[in-house]
Amino acid sequence: MPITPDQQAEIDELRSAPRPTLRAVAEGMETHLYKAYDVLDHGFIRVIDYMGDDAAICQAARVSYGKGTKSVSNDAGLIRYLMRHWHSTPFEMCEIKLHVKLPVFVARQWIRHRTANVNEYSARYSILDREFYIPEPDKLAAQSVINNQGRGEALTGEEAARVLEYLKGDAARCYDHYAEMIDQEGQRGLARELARMNLPANIYTQWYWKVDLHNLFHFLRLRADSHAQYEIRVYAEEICKVVADWVPAAYGAFEDYRMGGATLSSKAIDCVRRMLKGEEITQETSGMSKGEWREFEEVIG
240 MPITPDQQAE IDELRSAPRP TLRAVAEGME THLYKAYDVL DHGFIRVIDY MGDDAAICQA
300 ARVSYGKGTK SVSNDAGLIR YLMRHWHSTP FEMCEIKLHV KLPVFVARQW IRHRTANVNE
360 YSARYSILDR EFYIPEPDKL AAQSVINNQG RGEALTGEEA ARVLEYLKGD AARCYDHYAE
420 MIDQEGQRGL ARELARMNLP ANIYTQWYWK VDLHNLFHFL RLRADSHAQY EIRVYAEEIC
480 KVVADWVPAA YGAFEDYRMG GATLSSKAID CVRRMLKGEE ITQETSGMSK GEWREFEEVI
540 G
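Per the working numbering, the sequence shown starts with residue 240, numbered consecutively.
No wet-lab data here; the hints were simulated from the structure.
The beta carbon of each residue, even a glycine, is placed where N, CA and C say it ideally should be.
Check before you lean on any hint, since a few could be wrong.
FRET-style restraints, in silico, Cβ to Cβ [as the list claims (entries may be wrong)]:
#1 Ala380 <-> Pro244: 30 to 38 Å
#2 Thr521 <-> Asp377: 35 to 43 Å
#3 Leu429 <-> Glu536: 49 to 57 Å
#4 Thr524 <-> Leu403: 44 to 52 Å
#5 Ile520 <-> Tyr276: 42 to 50 Å
#6 Glu252 <-> Gln348: 30 to 38 Å
#7 Gly499 <-> Ala400: 35 to 43 Å
#8 Glu494 <-> Thr524: 28 to 36 Å
#9 Ala501 <-> Asp377: 36 to 44 Å
#10 Leu403 <-> Pro244: 24 to 32 Å
#11 Leu261 <-> Ala430: 42 to 50 Å
Just need the whole structure built from these sequences, with the hints factored in.
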């Protein structure tokens, strides 16, 4: 079960006692506060706190740029201008703090984004729960033949069954030994900080993750992308739903310019201009490598 009874009781208590405040409130985010949204088989995300909204982004931009920005027709137009021209500081005025439960191997990929404040559940102090990520059968795939860090076609039949059996059996066996090694119920055993080394990478951990909106957008641009690993992408997609309600104007600009847009090299722009003039361009005449050309074709369809 992703949420423990104690955690659910805490959520119910917090949501049952709203408090008046003079600070900026994003109504869309208020509906998400403290709620847990399931991800994978035992994971979740939930919003613990937030600061700012679309208006905070505009407020910061106008302080920074002076009265001249008042000529922008509306806040949404200003936000789109900021996003379009890669102005990052105003987006840093908004922050979000999430409670995330996720497999350790996903956490190690996630922590590569070093622009957040993180506090993780301590396996030196506490005993980790017996919860492991076991993929659905259709998510078991072979190594991609064109992408060294991706997966290809799904495994089927006996091969898929064999892999699932290994994943379940090895995880259970490692946890059994972990539980037998540690000191509990008065029996002297190995220190928890040492016993944890035997735990598998698919066991679940938890952390509080606080990040500003600018760096969150960078995280989402990479991790909510279709090329991202599935197990981290589903977390990013769930966060996207929350952010869309929190800062709708900023998220709309993000979708348009970052998720739905593309960055072209000078060679790619030159090829587009030549194509518009009626010239037939091939990879050999483009000046691009095969990889660059393949990505360029994906952009222009």
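>> Please check whether glutamate 252 and glutamine 348 have a Cβ separation lying inside 30 to 38 Å.
In response: Once the Cβ atoms are compared, 33 Å apart, the range 30 to 38 Å for glutamine 348 and glutamate 252 holds.
> So does alanine 501 sit 36 to 44 Å from aspartate 377, Cβ to Cβ?
Replying inline: violated (30 Å)
> Okay, glutamate 494 versus threonine 524 on CB: inside 28 to 36 Å?
Replying inline: Because 34 Å falls inside the window, the suggested range holds.
>> If I claimed the Cβ atoms of glycine 499 and alanine 400 lie 35 to 43 Å apart, would that claim hold in this structure?
In response: holds (40 Å)
> Does the hinted range 42 to 50 Å hold for isoleucine 520 and tyrosine 276 at CB?
Replying inline: Check passed, 45 Å falls within 42 to 50 Å.
>> Please check whether alanine 380 and proline 244 have a Cβ separation lying inside 30 to 38 Å.
In response: holds (36 Å)
>> Taking 44 to 52 Å as the stated bounds, is the beta-carbon spacing between threonine 524 and leucine 403 within them?
In response: Holds - the Cβ-Cβ distance for threonine 524 and leucine 403, about 49 Å, lies within 44 to 52 Å.
> Is the distance from the Cβ of leucine 403 to the Cβ of proline 244 consistent with 24 to 32 Å?
Replying inline: Holds: the Cβ-Cβ distance is about 29 Å, inside 24 to 32 Å.
>> Just to be sure I understand the hint, the distance between the Cβ atoms of threonine 521 and aspartate 377 should be within 35 to 43 Å; is that true here?
In response: holds (38 Å)
> Does the Cβ distance between leucine 261 and alanine 430 fall inside 42 to 50 Å?
Replying inline: holds (48 Å)
>> The hint says 49 to 57 Å between leucine 429 and glutamate 536; measuring C-beta to C-beta, is that right?
In response: holds (56 Å)
Comparing the model with each numbered hint stated earlier shows that hint 9 is the single one that does not hold.
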